[in-house]
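Letter by letter, the chains look like this.
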Amino acid sequence: MVMPPSPGRQEAEAIAHSAPEERYDRVVRLAQAIFGAPIAALNLIGNDAQFTVASVGYPKGEMPVEDSVCQATVQQDEILEVHDLREDERFAAISSVTGPPRVRFYAGVPVRGQSGQNIGALCILDLTPRTLGRQQREMLADLGALLERELSVQEEMDLAGQVQQLMLPTSAPDIAGVEVAGRVQPAREAGGDYFDWFVVDDPEGAGKRLQVALGDVMGKGLAASLIASEVRAVLRGHSRYTDVGNAVARTLTTTRHDLEANNRFSTLWVGRLDPATGALDYLDAGHGLAIIASERGYRRLYQDYLPLGAPIEDAWDKASDVLAGDELLVVVSDGVFDVLDDSFEQVEARLHTILEPGLSCRQIVDRIVDFAVSHGATDDVTALVLRRTDHERRSTDR
Amino acid sequence: MTYEEVDQGTHVVLAPEGKFNLVAAPPIKARIDDLVAAGKARLVVDLHAVDFIDSSGLGALIGGLKAARQQGGDLRIAAAGDQVRAVLKLTNLDRILAPYATVEEALHGW
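Residue numbers (our numbering), protein chains in the order written: chain A, 467 to 864; chain B, -17 to 92.
These aren't lab readings, by the way, just hints derived from the structure by calculation.
Every value quoted in this text rests on a predicted model; they were computed, and no experiment measured them.
Pairs of lysine-lysine, BS3-like flavour, derived with a Cα cap of 30 Å: (1) Lys784/A to Lys48/B; (2) Lys71/B to Lys784/A; (3) Lys22/B to Lys71/B; (4) Lys674/A to Lys784/A; (5) Lys1/B to Lys48/B; (6) Lys11/B to Lys22/B.
Below, a sample of chain B positions facing chain A; criterion: calculated Cβ distance under 10 Å: (7) Asp36; (8) Ala42; (9) Arg51; (10) Ala68; (11) Arg77.
Glycine residues also receive a C-beta, built at the ideal position from the N, C-alpha and C atoms.
Produce the entire structure from the sequences given, and follow the hints as far as they go.
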């Protein structure tokens, strides 16, 4: 049986296919304990299947929707209680009644999704017929409401994470002579790490420049992501009109109230490259994790400034370097540095893995992020890699 | 994460243990705010038993430092391990939160 798609069933499918959530299990365990029932479950009703996303006494997974009792529950707005499933013609023939585990009693409360439609049900099942009292029905309704709340919080968080991902640059910058890639892997749905790149006009009229940035707002999760979005947008705005030092200084002036009111600070590394010459201006606000690397070795691009939001006034003068044709600019967040024991010796020891000839910037970024994630990073993990392409890369000739 | 607190009259020593991160930082920051509000604005955070700090932990220390200084006091850190020192140095926060070798040294001038 395939039911026509509806917003509610689409939503159920989406939730069922996202990562399983421990907190749904908690509510289901609570239901099982309160009712002393052998089976309790949260079942989501998709287009043609029922997804058991949290359960006690019954395996998680999917089953055909015609074998589901909960698909009847989602079609109503109140609790569905069946004293003995064998005596109800709608359910007498379904497999879990005629065969193991031979359930007899069912009570389920519909659970509504963000779409306003019911997407599933919290249900308890027993192997002997029984009847719920008035208080027990109220309790089941309360647990259903609790689960609804958990689901909507999760969906909000997922959406916030999507918004943040969609704000990251995805297409190559509109400037010749560079290759750039970046990736953020937030520890939660959203986070305080971000990267950015965009093309600006040199304020002295010397042509187009590629600006890259990587920032890390203290903390994790949605709250940190709000501040990260602000710092990113303000930096973009100011960067159009001035050099990187002034752009960061003005960004701090604009965001200072919001950083201080929230007791947050943000590390930030900003670079501005002339792809034709390799001239690179940069500003390091307490970030410290930018290097230029090649087979000849590496050097750090750092300054003594504090993170934005720290209680001290700084001068914010840019520094300069030159990115040679065979060199990589690599900027990471502390989520990467932490798995390297916060040690530059470890960074140096790992450099060969990103300097292998033939790797694209995208592949290098993936190597860095995947390495950090697979080595137990607990923080947001971000990497940005940039190189010039208008020169023959001498490293590949060696 | 647990932390010990010793009120020495002229100053209060807080000694967190283990990981000073997103989970551990808020209660310690709240305690620092309470102490400062109660007029105890000379604080030493003894970090000898902290084996890991992240940006949330640093945020709690900087927030506590700001609160203490606004009340005419100070927050000083003592006995930081290698990881804590590395992170302070990386972020340049050691410019405003200089690590003292011992709690006794952190008390100078108080």
